[in-house]
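Asker: Counting in our numbering, the sequence shown runs from 12 upward without gaps.
Hints are computed from structural coordinates only; laboratory data are not their basis.
By construction, the Cβ of each residue, glycine as well, lies at the ideal position given by its N, Cα and C atoms.
There could be a bad hint or two in this list.
Only pairs whose alpha carbons sit at most 27 angstroms apart, straight line, appear in this in silico DSS-like list of lysine-lysine [as the list claims (entries may be wrong)]: (1) K91 with K65; (2) K65 with K55; (3) K64 with K98; (4) K91 with K74; (5) K91 with K137; (6) K102 with K64; (7) K137 with K74; (8) K74 with K42; (9) K42 with K56; (10) K137 with K102; (11) K42 with K98; (12) K55 with K42; (13) K74 with K102; (14) K42 with K64.
Distance ranges between label pairs, derived from CB positions [to be verified]: (15) Q16 with G76: 35 to 45 angstroms; (16) N47 with R128: 25 to 35 angstroms; (17) Q52 with Q95: 38 to 48 angstroms; (18) I103 with E154: 39 to 49 angstroms; (19) I112 with K42: 34 to 44 angstroms.
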Amino acid sequence: MESKQLDPIDILILNELTSDARIPYTQLAQKLHVSNTLVHQRVKKMRESGILKKARFQLDEWKLGYHTSAYTQIILSDAKLHRQVEKELEKIPEIVECVNIAGRYALLVRIFARNNRHLRDVIYEKIQPIDGVEGTNTTISFETAFVRNVPLTLED
12 MESKQLDPID
22 ILILNELTSD
32 ARIPYTQLAQ
42 KLHVSNTLVH
52 QRVKKMRESG
62 ILKKARFQLD
72 EWKLGYHTSA
82 YTQIILSDAK
92 LHRQVEKELE
102 KIPEIVECVN
112 IAGRYALLVR
122 IFARNNRHLR
132 DVIYEKIQPI
142 DGVEGTNTTI
152 SFETAFVRNV
162 PLTLED
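Turn these sequences into a full structure, and let the hints steer you where they fit.
Answerer: Written out as structure tokens, the structure is:
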């Protein structure tokens, strides 16, 4: 199912589910003035097509004791080591996201640490020793202003 195949009902369903993934389908159907069966069918179709990936709870990092958030850019010694380095980074639990980027740096990771000392240890003792990591540049995040999903529209 490509985005062009989304109709207004699909978009309404997605908007509701992205604001509350736990909403019962019966309640969602009532809210959208459609049948329960229609909601089930549409959600199933969007799951099968990969539009809906998974429902997850959003954790409050601060309340869990992770008081430092940072973005670390990583320079690789050889572009051929990309996948190998990614696999090693995935083993580090404090890294919650890793993306490939263009430019001087090859990878960007988001790290949650308990404090600045913990962040330093993650970078110096876990990231920098990985074979293929040539250097890092870290920016500490004071707070997340907002996070949202991609816009859902019927336009091209």
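Asker: Each hint needs a verdict: does it hold in this structure or not?
Answerer: Tested hints:
A C-alpha spacing of about 31 angstroms is found between K91 and K65, which places the hinted pair above 27 angstroms, so the restraint is violated. As the CA atoms of K65 and K55 are separated by approximately 12 angstroms, the hinted pair is consistent with the 27 angstroms bound. Taking the CA atoms of K64 and K98, the gap is about 22 angstroms. The hint holds against a cut of 27 angstroms. At most 27 angstroms may separate the alpha-carbon atoms for a hinted pair to count; K91 and K74 exceed this at roughly 39 angstroms.
For the hint linking K91 to K137, the alpha-carbon distance of about 20 angstroms falls within 27 angstroms, and the restraint holds. For a cut-off of 27 angstroms, the pair hint linking K102 to K64 stands: about 22 angstroms separates their Cα positions. Between K137 and K74 the alpha-carbon distance is near 24 angstroms, which keeps this suggested pair within the 27 angstroms criterion. Using a Cα cut-off of 27 angstroms, the hinted pair K74 and K42 is violated, with the two alpha carbons roughly 33 angstroms apart.
With a C-alpha separation of about 20 angstroms, the suggested pair K42 and K56 falls inside the 27 angstroms cut-off, and the hint holds. Distance check on the hinted pair: K137 and K102 sit about 10 angstroms apart at the alpha-carbon level, within 27 angstroms; holds. For the given pair, K42 sits about 43 angstroms from K98 by alpha-carbon distance, which is inconsistent with the 27 angstroms threshold. For a cut-off of 27 angstroms, the pair hint linking K55 to K42 stands: about 19 angstroms separates their Cα positions.
Taking the CA atoms of K74 and K102, the gap is near 23 angstroms; set against the 27 angstroms cutoff, the hint holds. Under the criterion of a C-alpha separation no larger than 27 angstroms, the hint pairing K42 with K64 is consistent with the structure, at around 23 angstroms. Between Q16 and G76 the CB atoms are about 44 angstroms apart, so this pair conforms to the stated range of 35 to 45 angstroms. Distance hint check for N47 and R128: the Cβ-Cβ separation is about 53 angstroms, which falls outside the suggested range of 25 to 35 angstroms.
Taking 38 to 48 angstroms as the suggested C-beta distance range, the pair Q52 and Q95 conforms, at roughly 43 angstroms. Distance hint check: the CB atoms of I103 and E154 are about 23 angstroms apart, inconsistent with the given range 39 to 49 angstroms. For I112 and K42, the Cβ-Cβ distance of about 39 angstroms falls inside the hinted range of 34 to 44 angstroms, so the restraint holds.
Consistency note: the structure conflicts with the earlier hints numbered 1, 4, 8, 11, 16 and 18.
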